[in-house]
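These protein sequences, in sequence, are chains A and B.
Going left to right, the first sequence walks through residues 232 to 345 as the numbering used here numbers them.
Going left to right, the second sequence walks through residues 3 to 115 as the numbering used here numbers them.
Quick caveat, the hints were computed from the structure, so don't treat them as lab data.
Virtual Cβ for every residue (Gly too), placed ideally from N, Cα, C.
Treat the hints with caution; some may be incorrect.
Said to hold, decoys possible - The calculated PhoX-like cross-link candidates involving lysine-lysine, where the alpha carbons are at most 20 angstroms apart (straight line), are:
| hint | chain 1 | residue 1 | chain 2 | residue 2 |
| --- | --- | --- | --- | --- |
| 1 | A | LYS300 | A | LYS280 |
| 2 | A | LYS332 | B | LYS43 |
| 3 | B | LYS21 | A | LYS332 |
| 4 | B | LYS69 | A | LYS332 |
| 5 | B | LYS11 | B | LYS54 |
| 6 | B | LYS24 | B | LYS38 |
| 7 | B | LYS54 | A | LYS332 |
| 8 | B | LYS38 | A | LYS332 |
| 9 | B | LYS24 | B | LYS69 |
| 10 | A | LYS289 | A | LYS299 |
| 11 | B | LYS42 | B | LYS54 |
| 12 | B | LYS38 | B | LYS69 |
| 13 | B | LYS46 | A | LYS332 |
| 14 | A | LYS332 | A | LYS344 |
| 15 | B | LYS11 | B | LYS24 |
| 16 | B | LYS24 | B | LYS42 |
| 17 | A | LYS289 | A | LYS300 |
| 18 | B | LYS69 | B | LYS54 |
Claimed, not checked - Partial selection, computed: residues in chain A whose CB lies under 10 angstroms from chain B:
| hint | residue |
| --- | --- |
| 19 | SER240 |
| 20 | SER243 |
| 21 | TYR263 |
| 22 | ASN272 |
| 23 | LYS280 |
| 24 | GLU319 |
Stated by the list, open to error - A few chain A positions that, by computed beta-carbon distances, are all more than 12 angstroms from chain B:
| hint | residue |
| --- | --- |
| 25 | LEU249 |
| 26 | ASN255 |
| 27 | THR303 |
| 28 | SER315 |
Next come the chains, spelled out residue by residue.
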Amino acid sequence: AQSVTQLGSHVSVSEGALVLLRCNYSSSVPPYLFWYVQYPNQGLQLLLKYTSAATLVKGINGFEAEFKKSETSFHLTKPSAHMSDAAEYFCAVSENTNAGKSTFGDGTTLTVKP
Amino acid sequence: DTAVSQTPKYLVTQMGNDKSIKCEQNLGHDTMYWYKQDSKKFLKIMFSYNNKELIINETVPNRFSPKSPDKAHLNLHINSLELGDSAVYFCASSHRTGVSEQYFGPGTRLTVT
Numbered sequence: 232a233q234s235v236t237q238l239g240s241h242v243s244v245s246e247g248a249l250v251l252l253r254c255n256y257s258s259s260v261p262p263y264l265f266w267y268v269q270y271p272n273q274g275l276q277l278l279l280k281y282t283s284a285a286t287l288v289k290g291i292n293g294f295e296a297e298f299k300k301s302e303t304s305f306h307l308t309k310p311s312a313h314m315s316d317a318a319e320y321f322c323a324v325s326e327n328t329n330a331g332k333s334t335f336g337d338g339t340t341l342t343v344k345p
Numbered sequence: 003d004t005a006v007s008q009t010p011k012y013l014v015t016q017m018g019n020d021k022s023i024k025c026e027q028n029l030g031h032d033t034m035y036w037y038k039q040d041s042k043k044f045l046k047i048m049f050s051y052n053n054k055e056l057i058i059n060e061t062v063p064n065r066f067s068p069k070s071p072d073k074a075h076l077n078l079h080i081n082s083l084e085l086g087d088s089a090v091y092f093c094a095s096s097h098r099t100g101v102s103e104q105y106f107g108p109g110t111r112l113t114v115t
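The whole structure should be built from the sequences, with the hints applied where relevant.
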């Protein structure tokens, strides 16, 4: 069985500060990991994904995440927060099977203060 | 060009009614999904179809019935609506199950009164 835990349901940072959103996963097979962003009243959009290639993954809007197998983590970071980064962020894990489904974390609300 | 579209965007109805939500994707993907997002933003998968075949059917009341007439469409019909069905329902699609990222529609906000 697979699962995802996002530590911190709410994260608040100042504009220009480092953004760190935490995600830990559990999977019985090598996982595929994703970060999605959801802006108000919109659907989810892919930020980045890990599919067993490079452990440091770069995504859109200056975000990146590092896959650490020993820590079963896939934390999302951005060096400098912008006001436009305020949104809901979801970490997801999938398994490469015929019926592989994605399991989503509970989400982290990012607030950016001016 | 809208990749994944859903209709309607808003749906307000009374308890006991039957309603449908339609979803279409023009990405040529093989797999489509329905998710329910509650008021706390928790996202739960309900169903998944691959090439019109049901492959994921989570613990969902049988009042919910998905139908996939072809690879590009996945509709959700809900019978005897209840207050607890109020949520945002998202349709999504992906090239392959599991390994591919999912593309989400804009959501349908269902309010049952």
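* Would you pick out the hints that fail for this structure and give their numbers low to high? => 3, 5, 11, 14, 16, 20
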